[in-house]
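Number of protein chains: 2
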Amino acid sequence: MEQANADKNNSFVIRGNVYHTPASGAAETFERAFVVCRDGKCARIFEELPEDHRELPLKDYGDALILPGMVDLHLHAPQFAFRGTGMDSELLTWLKERTFPEEEKYADPAYARRAYGMFAARMRQSATTRAVIFATIHKEATITLMELMEETGLVSYVGKVNMDRDAPPGLQEKTPLISAYDTIDWIDDVRTQHHFTHTWPIITPRFIPCCSDSLLEYLGEVRRLYDLPVQSHLSENPEEMKLVESLMPDAAFYGDGYDRFGLFGGEARTVMAHCIYSPEEEVERMREKGVWIAHCPNSNMNLASGIAPVRHYLDKGMRIGLGSDVAGGQTVSIFRAVTDAVQVSKLYWRYLDRSAEPLSFAEAFYLATRGGGSFFGSAGSFEKGYEFDAIVIDDSRVPHPQPMSVSERVERAFYLGLDRNCLIAKYAAGTGIRLEE
Amino acid sequence: MEQANADKNNSFVIRGNVYHTPASGAAETFERAFVVCRDGKCARIFEELPEDHRELPLKDYGDALILPGMVDLHLHAPQFAFRGTGMDSELLTWLKERTFPEEEKYADPAYARRAYGMFAARMRQSATTRAVIFATIHKEATITLMELMEETGLVSYVGKVNMDRDAPPGLQEKTPLISAYDTIDWIDDVRTQHHFTHTWPIITPRFIPCCSDSLLEYLGEVRRLYDLPVQSHLSENPEEMKLVESLMPDAAFYGDGYDRFGLFGGEARTVMAHCIYSPEEEVERMREKGVWIAHCPNSNMNLASGIAPVRHYLDKGMRIGLGSDVAGGQTVSIFRAVTDAVQVSKLYWRYLDRSAEPLSFAEAFYLATRGGGSFFGSAGSFEKGYEFDAIVIDDSRVPHPQPMSVSERVERAFYLGLDRNCLIAKYAAGTGIRLEE
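So the sequences go chain by chain: L and E. Heads up: the first sequence runs through residues 837 to 1273, numbered per my numbering. Heads up: the second sequence runs through residues 837 to 1273, numbered per my numbering.
Treat the hints with care, since some could be wrong.
To be verified - If you anchor each label on the Cβ, the simulated ranges turn out as follows:
1) L:P1115 <-> E:E1219: 46 to 54 Å
2) E:R1270 <-> L:R1270: 29 to 37 Å
3) L:P1115 <-> E:S925: 41 to 49 Å
4) L:D1189 <-> E:P1004: 29 to 37 Å
5) L:E1116 <-> E:E1075: 26 to 34 Å
Stated by the list, open to error - Residues on chain E that point at chain L, a partial pick, calculated with CB under 7 Å:
6) A917
7) T921
8) S925
9) L928
10) A943
11) A946
12) R950
13) K1182
14) P1237
15) E1244
16) R1248
17) Y1251
Simulated from the structure, these hints should not be mistaken for lab results. Backbone N, C-alpha and C fix where the C-beta goes; we use that ideal spot for every residue, glycine too.
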């Protein structure tokens, strides 16, 4: 679907101080190097630009930092409107009191356009180049969101949410069949009426407490029919897990509740947010079936959910990336998610498992780029053949009294949140993104 | 010492949406209210401005938020230079590998002026109005820092650090007597050569691992002689505590090591940073002697130190405020310290003590203002007679699609870190602070 980008305009060279992580925890840095983009894909990083690339347009970013774009594996566009407020409660209360009342508003197309417009503008101006996004149950608003995301130039999956129980009437689809029908209608509309080149649908059961078995069964069918990926929530909160156990007593564990309907990896490319309390057999099933984990440390603190055992997941070779989880998380910044991931891993080590070594900065950086990027194929690194996603950070705007290495500068940029005031350029799939208002 | 501020220029009125916490967790809000400053002190908050205040100059900040200035009870000015880098280690390693090599550079007055200049500029532009600051062992550099802080207009305590053991030669004062002599020399110099009106010296033994008994004894004497307050570190890290136990086997607990030399509350107004692992008798001694606790959640995550039991301290009626602890903490932002304090309190509740209710936003706000402000007398609130410290946040720069209450707007401003791009005015002790470069 990305052929539209594969024209001559997507071949160029940028120059600066390059940092990326081809392997977990293993950063590579290059001073004043050339990164070549050919037809929207990374060609190579060169210290000296070879003859055969010199005909390409060159943008020299001087002493700035060039990094792969950030990947946000989990966030809720409609919750952006109340991010950073109402932080004094736990998941199930917060859903009822803050989230559901807001999401109901997206039945109104005018409100949806206004609020999603703010969300899309912020995403465009962030360091994120790829995102996996929840919308609401509303078809029209979801299409509006997809139009707005397409305009940003970011690459994204956007899901119309499915919910048929345990929610206010305005957020509850009448029957499983109607929910499935609306989903098909939405997918067909996207496929036939729109010509998105970098905005795709994803099957999005909210979570088991809001989805009957019958709805999940239909969604499994719809997914197979259109060969779409899947996103949902998993093992985030102890109360939620008890609720799932009571709602689906036959499931071997929470994730099995998705798996029995074909919504948990395997042919269904799937990302599950949180996975804080996953029992070992759930982890093993995720590993077998190649389910991605979206680790959302900021949200997991705000909702008092806990800390996911990321070191354990890395040791097992799980697929894992980072999510901002706005608005459980307060910000779309994946720079923030990286430093939060390091910080909570230190508390995890200190209090929960002294054998679980804290994440290094380079490991968390990997999660935010190549880790999450793998959900999109080959993205999140400047290796040959990878999608050309890049951000450029001019950290000279924050003075320092002494020389720093490229690695130190990158670490500092993340800890100081320089994605906000020092992001000067961004490319997604080889296309430059406009950052100004 | 603040008489210099008590002139007619320090009487005025500002107008906007006011939020403060006269009691812990109990926020008061006023829409479009008038806050009156008379001779540098708060007069009152008025919904309608009475006749007898109408002759005062009025600055109307429209729909912006007016809050008490933030108080930073603990940070290290020389560490500002490497904030946000080298975050992959624990306290004692980090001190040896990152901190001490940097602090040695402050023997060079030119380096000190350049690096402290950057620090002071950032403090000026932050939401902080009052701070308690560590310098280094170097007298000249410490005076430079005090001059620079005085120029900012902020109110601060600045301490020349004392260290006579367990540090590189360049950071170790030769003998306890020389360390004490240099301290007296520094205090005398400040008193006789300088005419600071809002920058004061504070006795600053680094921490017991770096201070011999003999040095602490001298410092107790110097403190009494000049009637100065005290700052240090306490019970931050398990390895540090073992070290203190081995160095001072007679002390009943870590804090007793300061107390036996008159450096732990009572007549010595004292702030101790961290207090994560304080045994109950240490807490009790602190309570009896009125020692302030500087809670530094960001640093405590970065150095994998742990989480201080703040709910327990609040329940016991301890004196407690927040510290950025730059550069264990990555940022001087006390907005960030507030949300970090809430977030780690949720993890504390989840994993360490289910009876320790998480901090509410308003409780953490109180710590950042009136809690820490009490170290300076009456500061951190707009109650009558309090020092007039205020910040003004124009949060309209971050759009939102729906109306929000003043409380929600304040919470959002903190979670989104709007002290960085939306701070439009700041007053300390009744004096306006210049925010531009």
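Structure-based check of each hint:
1. L:P1115 <-> E:E1219: 46 to 54 Å: Between P1115 (chain L) and E1219 (chain E), where Cβ atoms are some 53 Å apart, the hint holds.
2. E:R1270 <-> L:R1270: 29 to 37 Å: Because 34 Å falls inside the window, the suggested range holds.
3. L:P1115 <-> E:S925: 41 to 49 Å: violated, 33 Å
4. L:D1189 <-> E:P1004: 29 to 37 Å: Given a distance of about 34 Å, which is inside 29 to 37 Å, the answer is holds.
5. L:E1116 <-> E:E1075: 26 to 34 Å: holds, 32 Å
6. A917: holds, 5 Å
7. T921: holds, 4 Å
8. S925: For S925 (chain E), the interface hint is violated, since the closest Cβ of chain L sits about 10 Å away, which is over 7 Å.
9. L928: violated, 15 Å
10. A943: violated, 14 Å
11. A946: With a closest approach of 10 Å, the A946 (chain E) hint is violated.
12. R950: Cβ of R950 (chain E) sits 5 Å from chain L, so the hint holds.
13. K1182: Check passed: Cβ of K1182 (chain E) comes within 4 Å of chain L, closer than 7 Å.
14. P1237: holds, 4 Å
15. E1244: Because about 4 Å separates E1244 (chain E) from the closest Cβ in chain L, which is inside the 7 Å limit, the hint holds.
16. R1248: With Cβ-Cβ at 4 Å, under 7 Å, it holds.
17. Y1251: At about 3 Å, which falls below the 7 Å cut-off, the nearest Cβ of chain L leaves the hint on Y1251 (chain E) intact, so it holds.
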